[in-house]
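**Q** Residue-level listing of the chains:
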Amino acid sequence: MEPSKTIDHAALAAEFNKDPERVDWHDATLWTVRQRRDMRAHQVPEWEALREMASQIKENVLSNLHSYLQQFEQNAIANGITVHWAEGAEDHNQIIYGILKAKGINQMVKSKSMLTEECGLNEFLGSKGIDVVDSDLGERIIQLAHQRPTHIVLPAIHLRKEEIGEIFHEHLGTPKGLSDPQELTETARQHLREVFLTRRAALTGVNFGIAETGEFVVCTNEGNADMGAHLSEVHIASMGLEKLVPTRQHMGIFLRLLARSATGQPITTYSSHFSVPRPGQEMHIVLVDKGRTRQLGRPDFRASLKCIKCAACMNTCPVYRRSGGYSYQATIAGPIGSILTPNLDMDKYKNLPFASTLCGSCTNVCPVKIDIHQQLFKWRQEIIKEGKGSAQKTFSMKLMASILSSPGKYKLSGSAFKWVSKWMPFLVKNKMNPWYRQRDMPQAPATSFKEWYKKNV
Amino acid sequence: MTTREKILKAVLENQPASTPPPEVFFFPQETGNLSDKFADTLISIGGRAIVVQGLDAIGPLLPKYFDTTRRIATNIPELAGTAGLISQDVDPHSFQDIEVMLMRAHFGIAENGAVWITEQLMGQRILPFIPQHLAVVISASDIVPTMQQAYQRIGSARYRFGSFIAGPSKTADIEQALVLGAHGPRTMTAFIVH
Amino acid sequence: MTVGLFIPCYIDQFYPQAAIATLRLLQRLGVTVEYPQGPVCCGQPMANSGYGHLTKGCDDLFTGSYSSYDYVVSPSGSCVLHIKEHMHPMHGKIYELVEFLTDVLKVDQLDARFPHKVSIHQSCHGLRGLYLSQMSERMAPAFSKPERLLKMVDGLELIDLHRSDECCGFGGTFCVSEEAVSVKMGKDRVKDHETSGAEYITSSDLSCLMHMEGLLKRSKSPVKVIHIAEILNHTEHGAQ
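Protein chains in written order, with the numbering used here: chain A, -17 to 439; chain B, 173 to 366; chain C, 11 to 250.
If you're looking for bench data, these hints aren't it; they were derived computationally from the structure.
The calculated lysine to aspartate or glutamate pairs, modelled on EDC-like cross-linking and capped at a C-alpha distance of 16 Å, are:
#1 Lys178/B x Glu69/A
#2 Lys178/B x Asp73/A
#3 Lys103/C x Glu44/C
#4 Lys291/A x Asp353/A
These figures come from a predicted structure and were not determined experimentally.
All chains, full assembly: derive it from the sequences and hints.
**A** So, in structure tokens, the structure goes:
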């Protein structure tokens, strides 16, 4: 197979930065979310202890996944839910198509599910003549605009209200120039209510599956998952197989952390627990692997599967806030996306672990304590070991390593000043150097510390 | 080998050595009146909290908060006089014109303003979600401090469907501007019965 | 107690005054300091670029030169963190200057005077790697080792920022490989210091300061950068 084309994060980020005013707005909007998270978390004195418990619960889940999956399946089946297993996107999409086809359904309403986004479900079903309407407001906006989400919790965070007004004017017939969020939301409410009332099938994501009981939990603020599921005759839930928690008692920990971390709410408006289908309703769970078992087998990276998709790491990431979600070209952007995607396609996503200053803020906000910035560092080592670094860089790094391992070679490589200017990539005295374009060079004084030390000490 | 077997095999081969689940601790909470804290939290997330002395007091209050010329529905038999008692056997789509739905909740949670309602109290599952306004009735003594006590209280009870509901349906998907009334109820009121 | 001083290459060349201040400050506090002149690098530039497997020679040279000292001290938090995490023989021995002053020497007063408005840039490696201060993301009691030291300096006025500990965007090779984002992060950080009214931005990491200085100079800002050692070693008679 041909290696995939590599995403050039830096170039896409530079494109985003051509409009500094938009970057400021994007940064400030997401920073507000981070501040709300801080404010809410500060109200919980046991916050750090909850994070530690959540982390350990997820470690227990990942290390006993084989038995929890079977326990969950068994209980779900006993509850009257049909459980399907999918290895990848094709399997997943075919299973869903099969369910809909058997019922003669050609229209479906769908609430937020990054997994179906990852699987390209809408496009697939579209090609089979099945129309899918995304019902989360942010997702509906970008669906109408034929875009992709840039954030896993706030899919349309890259758009300004005037741009959304324009999209609604074109597709939903609102007056030109309307940009008031209240009025735009009201328009979407009316438009989607019609959809909820007429769809026979609804698909939702899954936030948590409880092994002990076989029920699954779906969290939304808008109520769109419930509006879809309780009015339809078929409810399909797409679920990554890492989404399990052992018992209901453990759910208490996660629901204390999730919304506070995600949006700075004490809890999402709706946390719905689906256990038994309504009389006459079909309920399906599609359990999806899609690279997760491979990631589980990577000791350095398996902790990434603890993720509960709160996006706190994206909101706090100083790079994400200033490069925008599209610069990652991945369903899941930002720091967590940068440690999940190289597992899926290393050639395509090999630049993402380098799109970070390793500042570590992501690790600190993570409610399940994933060591995100450590994993970014480790992915860099992994990617270079796999031979994915540029030949030029590898050559210069080898030379640098050889010089640095012997003081003799260091002296032979010329005066120390020349050496620093040559090897510190940002200090090359050359107007083509990206350092120099917008930053002045540090000025070297006449005497280095080494020289001063020899003279004075 | 089926897909299921293939996946389970891969999981077994790749999962690390088993670690035990942690001991789940309950943390000391601020003392104080739980129902007051519940009310304050609910108000802070866009809800309404009204203290009443009994179920009888609810009916006369409705015109103050809602358009009672529209369909007011309930599944609480004691409120049959003030609201239309819902029939459980009808098509859920027929509830689309409900202006206000009154139902009981099992208990509330002080730290987040949520109430726990199962299908048993909803009647039909769509009923807390489809009306323009949701009003729940909850006893002042039925408030727990945090989500941990909430699940402790639920225990291993069997329910077919249940939801924690905290305030009105909302979205901030347009520039993070908070709008109440996304797809579900535009307001949520808790009548706290003392 | 004999301390081995580690001065990374870019400080040696571009900021010798910070290295001198570190040396003098330690000596004034009664510490015997030696400076073995072999190692110039901790290997971090290679490791952060994904070439950690090439740093063995560099590590060996470093540990060979420094393992005989009671402590190793460096005025660069970033290098110290790398050494701590990647060179096991240096464990418990290597200290960044600020933490050496507060945790080992337990300094509680300083003969220093610096009558200026100063804001602190928390370097990420110093903050989240070495825990020099409480991190804004954590729900835990506040503390700040650099602040504690700066409060001992006569005449110094500490200035608060809007974002107390956001990254400046230097990030090693990130500053050139992701130029656009790096510069934007740096500009935003610098603006926070400028609008808060600081005359000097100080830090225990010169790499961050070098980045911000590049931006300050380009925009002809009156705000200056200064390593924390230079402030702590500054008396009414100037640098000691």
